[in-house]
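Undergrad: All chains, please: the whole structure from these sequences, using the hints.
So the protein lines, in turn, are chains A and B. Numbering-wise (the numbering used here), the first sequence opens with residue 1 and increments by one. Numbering-wise (the numbering used here), the second sequence opens with residue 391 and increments by one.
Bear in mind the hints are in silico, worked out from the structure with no lab data behind them. Any given hint might turn out to be false.
[What the hints assert, rightly or not] Stretch-level coverage of chain A by chain B, calculated; a stretch enters the list once three of its residues show a Cβ under 8 Å from a Cβ in chain B:
id : stretch
1  : 79-93
2  : 192-204
[What the hints assert, rightly or not] Straight line, CA to CA, 30 Å or less: simulated DSS-like cross-link-like pairs of lysine-lysine:
id : chain 1 : residue 1 : chain 2 : residue 2
3  : A       : 159       : B       : 548
4  : B       : 469       : A       : 307
5  : A       : 307       : B       : 512
6  : A       : 200       : B       : 548
7  : A       : 160       : B       : 469
8  : A       : 75        : A       : 31
9  : B       : 469       : A       : 200
For each residue, glycine too, the CB sits at the ideal point set by N, CA and C.
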Amino acid sequence: MERNVCIIAGGMSQWGVRQASQRDVFQEAGKACFETIPALSNKDVDGLIVASAYTERCSFQTHLAPVIAEYLGIKPRNICARVELLCASGSSGIILAYGLVKAGIADVVMVIGGEKLYTPQRWEIQYSELASVDHDWDGSQGLGLPPPAFSMVAQQHMKKFGTTEEQLALVSVKNRRNGLNNPKGQFQQEITLEEALSAKAIVPPLKLYDCCPVTDGAAAVILACEEKAKYYTDKPLVYIKGTGQATVNNMSANMPDWTTWEALKIAAKQAYEKAGVKPSDIDVAQTHDCFTISEIIEYEDLGFCEKGEGGLFIQEGRSDFGGVVPVNTDGGLLSCGHPFGGTGIRQGMEIMKQLRGEAVRQVEGARTGLTHNLSGFIAAHTVLIYGRDI
Amino acid sequence: MRGISVLNGRYAVTMDMYPLQSKEFNRIYKFYDHLREGRFTTTKCNDCGVRSFPPRVICPECLSENLEWVDLPTEGTVKVVTEEVVGVPLGFENPLIHALIDLEGQLTHFARIINCQTGELKEGDRVKMAVFPVDPVPVDGKRGEFVEMERVFYAFEKVK
Ligand SMILES: [Zn+2]
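TA: Laid out in structure tokens, this is it:
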């Protein structure tokens, strides 16, 4: 018998350039999560899913889930495993936990994800990124770090639809401002449009503030069946309503279209249909703003606006508080940073808070929320829809 | 002694930016043999006709193993140029230039452009494949000796 599944707790470590190890940040995130739900102890968790992409690469640690279980005092009985989908590892963990709880295989599952990316020598970060794409083909072309790919996407979107560098910059201005809503995010500083436009070039037209930073940190949420959710918390229940995850290609040479992300449209359609909602029903969204151009294309391919109108959508304030659908209300990747396995979990936490009415800056009356991650060389997309109503 | 003393002079595959490409480590080693002959090739399915890139050992369409090697164009036209000035991975030059290349309508390839300065390459320019040697791999041989496995890889360069 299928059960309703709720997200009942969430917490995160401080994110940024951390003087801490992988296991330190996971402990911090786990504790922060448990602290938000006093009635539930670490002994009540019967499943653990750990999301981390670079654990072998940067911490030389496989078999990570039992390590984290041991450090958090969790003794899982139903699932204890790691999931990896690079930038979408965290939201993949939530989808898997959702399925297990829905099916009755587990009742209370912690999904915890994060990365320790800063190593003693900085060159290693860029070098490690060669593993993120098809290593033997795209990686050997020096396409490890994503800025060249997103520069190309931006150039094509600008040419095809007239999107401007100013519209790109407005995304980072909004998300840096929203970052003030997340005291544990990497940046706590607003930027002006002039600062964004005059920042140093990374891969033109992308400049410093168009790109999310490299980040250490972790985040955790707890999913439970509705019955247990009611037992452990008296806060408003937030349900997972629908999910989708799609990939249509991995290597760059097989990308069907660079400015319309087909896999995103497929993942979104799956999630909307399962949740029984339309794009216009989404009150608040956290989307994958790894680069400013990404958020603009996501407005379009998630159906918040017409194709090609993403630039206008940000320019007219339709993705800001008071707009049609506030996007990245806690600062997104551009402000919070992006410890790959932690990102989807941070997004889920922020949506949970928004739908409970307890966010630092609240979208008034929000009842339905969405999270989106892209991962790899724009190779996979993951969408989850959360709601107060099931 | 700096760094990790036990690794002194040793090869770690997890630190290699290029694939292992000899017959002992790869069933598509012919791709690299062809590169040495100046040919850019991939596999095509003899059962369903689908041509894949990169080359495979099975057809991703019909799962047949009945594949043949076919040539791709070694020249193409630039569609988009990107110039990475910050954050270039170790082993690649700064600026690191890439282009989305239309290989005569047969394949769109996002590839590295070598022998090129910032601002030099433009949309519409012609580029051709360039093959170059990359670091050989020391493979365990008999009696504790290493056998050097020679390697090549490819990028593109402007047709001048
Ligand atoms: Zn076939």
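Undergrad: Next step is simple, just say for each hint if it's right about the structure.
TA: How the hints compare with the structure:
A stretch counts as covered by a chain when three or more of its residues have a beta carbon under 8 Å from one of that chain; for the stretch 79-93 of chain A and chain B the count is 0, and the coverage is violated. Against chain B, the stretch 192-204 of chain A contributes 5 residues with a C-beta closer than 8 Å to a partner C-beta. That satisfies the three-residue criterion, and the hint holds. Between residue 159/A and residue 548/B the CA atoms are separated by roughly 23 Å; this keeps the pair inside 30 Å, and the hint holds. Distance check on the hinted pair: residue 469/B and residue 307/A sit about 22 Å apart at the alpha-carbon level, within 30 Å; holds.
About 27 Å separates the Cα atoms of residue 307/A and residue 512/B, which keeps this hinted pair within 30 Å; it holds. Taking the CA atoms of residue 200/A and residue 548/B, the gap is about 27 Å. The hint holds against a cut of 30 Å. Distance hint between residue 160/A and residue 469/B is fulfilled; the C-alpha atoms sit about 13 Å from each other, no more than 30 Å. Under the criterion of a C-alpha separation no larger than 30 Å, the hint pairing residue 75/A with residue 31/A is consistent with the structure, at around 15 Å.
Under the criterion of a C-alpha separation no larger than 30 Å, the hint pairing residue 469/B with residue 200/A is consistent with the structure, at around 25 Å.
The structure shown violates just one earlier hint, number 1.
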